[in-house]
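Asks: Sequence:
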Amino acid sequence: MPEDFTLFKELVKDDVIMKYISGKGLTPEQAKKKFTSILDINADPLLGYFKVIDSASQLFLGDCKLVNYRKDPTVFEIGYLLKKEFWRKGLGTKICESLLAMAQDIDANKNVVGIIDPANIASKQLLTKFGFQSFFIGVEDDISTEKLILKRT
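Each residue of the sequence shown is one higher than the one before, counting from 38 in our numbering.
Just so you know, the hints here were simulated from the structure itself, not pulled from any lab data. In this text, all values refer to a predicted model and were calculated from it rather than measured experimentally. Keep in mind that a hint or two might mislead.
For lysine-lysine, the following BS3-like pairs were computed, each having C-alpha atoms within a straight-line distance of at most 30 Å [claimed, not checked]:
#	residue 1	residue 2
1	K126	K50
2	K70	K147
3	K147	K166
4	K56	K88
5	K147	K88
6	K147	K71
7	K166	K108
8	K88	K188
9	K121	K161
10	K102	K71
11	K166	K70
12	K71	K46
13	K70	K108
14	K70	K120
15	K69	K121
16	K56	K69
17	K71	K120
18	K121	K88
19	K88	K120
20	K56	K71
21	K121	K50
22	K188	K108
23	K188	K50
24	K56	K126
25	K70	K56
26	K102	K166
27	K56	K161
28	K71	K88
29	K166	K120
30	K108	K131
31	K161	K88
32	K131	K61
33	K102	K50
Beta-carbon label-pair distances, calculated as ranges [unchecked claim]:
#	residue 1	residue 2	range
34	E177	L96	30 to 40 Å
35	D142	T64	29 to 39 Å
36	D41	G175	32 to 42 Å
37	N105	G168	31 to 41 Å
38	D142	K61	30 to 40 Å
39	I158	K61	17 to 27 Å
40	E40	I158	34 to 44 Å
Every residue, glycine too, gets a C-beta built ideally from N, C-alpha and C.
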């Protein structure tokens, strides 16, 4: 929702958080452009970007996504981004479980891709724990990239 821009901007401006996403934090202008594209994607009632909220405290933890992969819409893409203070607390596993369950409910036969920085060992371990396998390592859109896929068909 448009009113969530402030939370998003604060999340993505941090160089440490964005290290494995874009290489560095986003400027306010870059954050606005990205947020606008997220709102367009969120027009789909089943897919999109979602806030990650602590159910007990209602505290904003980060965001996650389940979208059609832009390079191949026959495949889902999952991803997540958490504030630093919530790293290494098992939240990535919970988020991944939830996103994969959503993907299963929407289309049980559709493969799922996760795109990471090859240096992000924690994300690779998380995806491989769920059965994802690496199929691409290289540079894409000027960013060091590794793609992992969970084949469902």
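Asks: All hints are to be evaluated individually against the structure, with a verdict given for each.
Replies: These are the hints, each one checked on the structure:
For the proposed pair K126 and K50, the alpha carbon gap of about 22 Å is at most 30 Å, so the pair holds. Proposed proximity of K70 and K147 is supported: the alpha carbons are some 29 Å apart, at most 30 Å. With a CA separation close to 19 Å, the supplied pair K147 and K166 stays within the 30 Å bound. Proposed proximity of K56 and K88 is supported: the alpha carbons are some 20 Å apart, at most 30 Å.
Distance hint between K147 and K88 is fulfilled; the C-alpha atoms sit about 23 Å from each other, no more than 30 Å. Pair hint K147 plus K71 holds up; C-alpha atoms about 26 Å apart against a cutoff of 30 Å. With a C-alpha separation of about 24 Å, the suggested pairing of K166 with K108 holds against the 30 Å cut-off. The straight-line distance between the Cα atoms of K88 and K188 is roughly 26 Å, inside the 30 Å bound, and the hint therefore holds.
Proposed proximity of K121 and K161 is supported: the alpha carbons are some 18 Å apart, at most 30 Å. Distance restraint check for K102 and K71: the Cα-Cα separation of roughly 13 Å lies within the 30 Å cut-off, and the hinted pair is therefore satisfied. Of the pairs offered as hints, the one joining K166 and K70 is violated, with about 33 Å between alpha carbons and a cut-off of 30 Å exceeded. In summary, the hint linking K71 to K46 is supported, as the alpha carbons are separated by about 10 Å, within the 30 Å threshold.
For the hint pairing K70 with K108, the CA-to-CA distance comes to about 20 Å; that is within 30 Å, so the pair holds. Distance restraint check for K70 and K120: the Cα-Cα separation of roughly 20 Å lies within the 30 Å cut-off, and the hinted pair is therefore satisfied. For the hint pairing K69 with K121, the CA-to-CA distance comes to about 21 Å; that is within 30 Å, so the pair holds. The suggested pairing of K56 with K69 holds, with an alpha-carbon distance near 19 Å, which does not exceed 30 Å.
Among the hinted pairs, K71 with K120 is consistent with the structure: their alpha-carbon atoms are about 18 Å apart, no more than 30 Å. Annotation: proposed proximity of K121 to K88 holds, straight-line Cα distance about 15 Å (limit 30 Å). Distance hint between K88 and K120 is fulfilled; the C-alpha atoms sit about 12 Å from each other, no more than 30 Å. Only pairs whose Cα atoms come within 30 Å are accepted, and K56 paired with K71 is accepted, the gap being roughly 16 Å.
As the CA atoms of K121 and K50 are separated by approximately 12 Å, the hinted pair is consistent with the 30 Å bound. A threshold of 30 Å between alpha carbons decides the hint, and for K188 with K108 the separation of about 16 Å falls inside it, so the pair holds. Between the alpha carbons of K188 and K50 the distance comes to roughly 34 Å, so the proposed pair goes past 30 Å and is violated. Between K56 and K126 the alpha-carbon distance is near 19 Å, which keeps this suggested pair within the 30 Å criterion.
Restraint check for K70 and K56: satisfied, since their Cα atoms lie roughly 19 Å apart, inside the 30 Å limit. Between the alpha carbons of K102 and K166 the distance comes to roughly 19 Å, so the proposed pair stays at or under 30 Å and holds. Restraint check: the Cα-Cα separation between K56 and K161 comes to about 15 Å, which is no more than 30 Å; the hinted pair holds. Proposed proximity of K71 and K88 is supported: the alpha carbons are some 15 Å apart, at most 30 Å.
Between K166 and K120, the direct Cα distance comes to roughly 22 Å. Compliance with the 30 Å bound is thereby established for this hinted pair. Between the alpha carbons of K108 and K131 the distance comes to roughly 26 Å, so the proposed pair stays at or under 30 Å and holds. Taking the CA atoms of K161 and K88, the gap is about 22 Å. The hint holds against a cut of 30 Å. Taking the CA atoms of K131 and K61, the gap is about 26 Å. The hint holds against a cut of 30 Å.
Straight-line distance between C-alpha atoms of K102 and K50 comes to about 18 Å, which keeps the hinted pair within the 30 Å bound. Under the hint 30 to 40 Å, the C-beta atoms of E177 and L96, about 34 Å apart, fit the expected range. Taken as a hint, the range 29 to 39 Å holds for the pair D142 and T64, whose Cβ atoms sit roughly 37 Å apart. Distance hint check: the CB atoms of D41 and G175 are about 33 Å apart, consistent with the given range 32 to 42 Å.
Under the hint 31 to 41 Å, the C-beta atoms of N105 and G168, about 20 Å apart, miss the expected range. For the hinted restraint 30 to 40 Å between D142 and K61, the CB-CB distance of approximately 36 Å keeps it satisfied. For the hinted restraint 17 to 27 Å between I158 and K61, the CB-CB distance of approximately 20 Å keeps it satisfied. A beta carbon spacing of about 35 Å between E40 and I158 agrees with the range 34 to 44 Å that was offered as a hint.
Comparing the model with each earlier hint shows violations of hints 11, 23, 37; every other hint is respected.
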